[in-house]
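Note that the protein sequences, when read in sequence, are chains A and B.
Heads up, the first sequence is in the numbering used here, so the first residue is 65 and it goes up one at a time.
Heads up, the second sequence is in the numbering used here, so the first residue is 45 and it goes up one at a time.
Since the hints were derived computationally from the structure, they do not count as laboratory data.
Any given hint might turn out to be false.
Calculated cross-link-like contacts (lysine to any residue; reagent style SDA-like; alpha-carbon spacing at most 25 Å) [unchecked claim]:
hint, chain 1, residue 1, chain 2, residue 2
1, A, Lys253, B, Arg99
2, B, Lys67, A, Gly234
3, A, Lys206, B, Ala95
4, B, Lys67, A, Glu245
5, A, Lys206, B, Arg85
6, B, Lys67, A, Glu224
7, B, Lys67, A, Ala226
8, B, Lys67, A, Leu242
9, B, Lys75, A, Gly238
10, A, Lys253, B, Val90
11, A, Lys206, B, Phe107
12, A, Lys253, B, Arg84
13, A, Lys206, B, Ser103
14, A, Lys206, B, Ala48
15, A, Lys206, B, Glu100
16, A, Lys206, A, Asp79
17, A, Lys253, B, Glu94
Sample of chain A residues lacking proximity to chain B, with all beta carbon distances greater than 12 Å (derived) [claimed, not checked]:
hint, residue
18, Glu82
19, Arg86
20, Ala136
21, Arg142
22, Leu144
23, Thr151
24, Leu229
Chain B side only, calculated, beta carbon under 10 Å to chain A, not exhaustive [claimed, not checked]:
hint, residue
25, Arg50
26, Val60
27, Glu65
28, Leu93
29, Gly96
30, Ala98
31, Leu111
32, Ala210
33, Thr234
34, Ser237
From the three backbone atoms N, C-alpha and C, an ideal C-beta is built for every residue, glycine too.
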Amino acid sequence: MAFPAIVPSVTAHVDDAELVRRIAAGDTEALRDLYDRFGTILFGLAYRTLGDRQLAEDCIQEVFVTVWRNAARYDSSRALVTTWLFTIVRNKAVDAVRWQSRRGAEPLPEDWSFGESPDSADIAAAAENGERVAAALAELPKPQLEVLSLTYFEGLTNAEIAERLDVPLGTVKGRLRLALERLRALAPKYALETEAQQ
Amino acid sequence: MNDADRDLLAGEALGVLTRDEEKHVAELVAKDDGAANELRRHRATVAALEAGVAREQPSADLFDRILAEIQPGPPEPVVARPAAASPRRRWSWSWAPRLATAGFAAAAIVLGLAVFTGGRGDPDLRAAVAGTTQFAGVSGEASLYEPGGSEGELVLELENVPPPPAGHHYEVWVLRSEGNGAMEAVGSFTPGSEDTRLEFRLPGAGDYRAVDVSVEPDGGPAEHSTVSLAGASFES
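The task is simple: from the sequences and hints, build the whole structure.
Shown next as structure tokens:
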């Protein structure tokens, strides 16, 4: 199950593993398609983990550069592409915090501060929680994930989504409800702390 | 409670209802415990979603930045923000004393070296980068390519660069002999790691004397903050 491309892609029919194979062959359009599918959700995961927009963007930039350089090493028999991507995000996020923590100890002008820096264990735990949520999202049927993404990440209204997708307004509302119900059903599988788990 | 009502409860949990729809939902949950429970479950699901994945989008140019990093090609500034709008500023020479003791000597040595630089050829000028007293661990090298032409480039290779303080970024400036001490901003950056390689287009042909990396507040004035991270001098 792939994250929906907000911008229609000529390779929308291509599965994630095939995209990674094309990336390994040096296809930058395949990298763009992979970014279209997963970039937003990975950014949301990195942002929630690191708590800083710039750090999250730097993290995602490093993630996709890593994907570009290491695509040939991806083994589809060992992990889903989404699992591979989530793991890279977690590792990059932990690296970023370790680096900041080490650097934060150096003397700086008195009127500046780095603020509180969570340790890498906190970051790893936050990333793991985010991974579970992202994995549950990735299991949603594409039409449901599409409207949920447009609502959740882009902040579009139901009417705007209906216009963009050229579907009836009632269809958008129904897909949103089904998406939330499906996520709730997936909560035990991914240990999400919804009311169903409490 | 019908399917349309159930759809509205999900929309309420996600915060996407119109004012009229919100009013309808409020009336519904006030009189229907089943609806109230359903809304609570939806809200718990949305809360779990928000706990794991931020409700944010990346900048529109993020993929372009990724492409710029992976693709060889004409050098472009690999920066998160454009250079300051009014680039000509007075220069703070706060790193100069450190250069005087270490950087100048290194610059004098490396200026005589011919080094292969990834297909661009040898730089016309090279100089060691030295951190200011406050950032003494910073080091690296600055290289100028075709500074006398209209498409000259500055390549900065920095080591041990600390992350800027919260709400700050770094800005790169150059100084030309003909500028009467005025400096020109060529771009800004927030490093993704301790070791950073940056490429900038020079603002025009000139006799470039030095490079400075300053620490600037995000959204601050275009003027140099007068606080420098590091610098390099091309004058031997």
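query = Does Glu245 of chain A lie within 25 Å of Lys67 of chain B when you go C-alpha to C-alpha?
reply = 23 Å, holds
request  = Answer holds if the nearest beta-carbon of chain A is closer than 10 Å to that of Leu111 of chain B; otherwise answer violated.
outcome  = 7 Å, holds
query = Given the hinted pair Lys67 of chain B and Gly234 of chain A, is their alpha-carbon gap at most 25 Å?
reply = 18 Å, holds
request  = Evaluate the condition: distance from the CB of Leu229 of chain A to the nearest CB of chain B exceeds 12 Å.
outcome  = Holds: least Cβ distance 15 Å, greater than 12 Å.
query = Given the hinted pair Lys206 of chain A and Phe107 of chain B, is their alpha-carbon gap at most 25 Å?
reply = 23 Å, holds
query = Is the Cα-Cα distance between Lys206 of chain A and Asp79 of chain A 25 Å or less?
reply = 13 Å, holds
key: Satisfaction of the Leu93 of chain B interface hint, Cβ to chain A closer than 10 Å   = 6 Å, holds
Pair hint outcome, Lys75 of chain B versus Gly238 of chain A [Cα-Cα no greater than 25 Å] = Holds: Lys75 of chain B and Gly238 of chain A sit about 23 Å apart, inside 25 Å.
ask   = Does the structure keep Lys67 of chain B and Leu242 of chain A at a Cα separation of 25 Å or less?
value = 22 Å, holds
query = Given the hint that Lys253 of chain A pairs with Arg99 of chain B, does the C-alpha gap stay at or below 25 Å?
reply = 23 Å, holds
message = Please verify that the nearest CB of chain B lies beyond 12 Å from Arg86 of chain A's CB.
response = 14 Å, holds
Per-residue hint verdict: Ala98 of chain B, partner chain A, C-beta under 10 Å = 4 Å, holds
Checked against the numbered hints given earlier, this structure breaks none of them.
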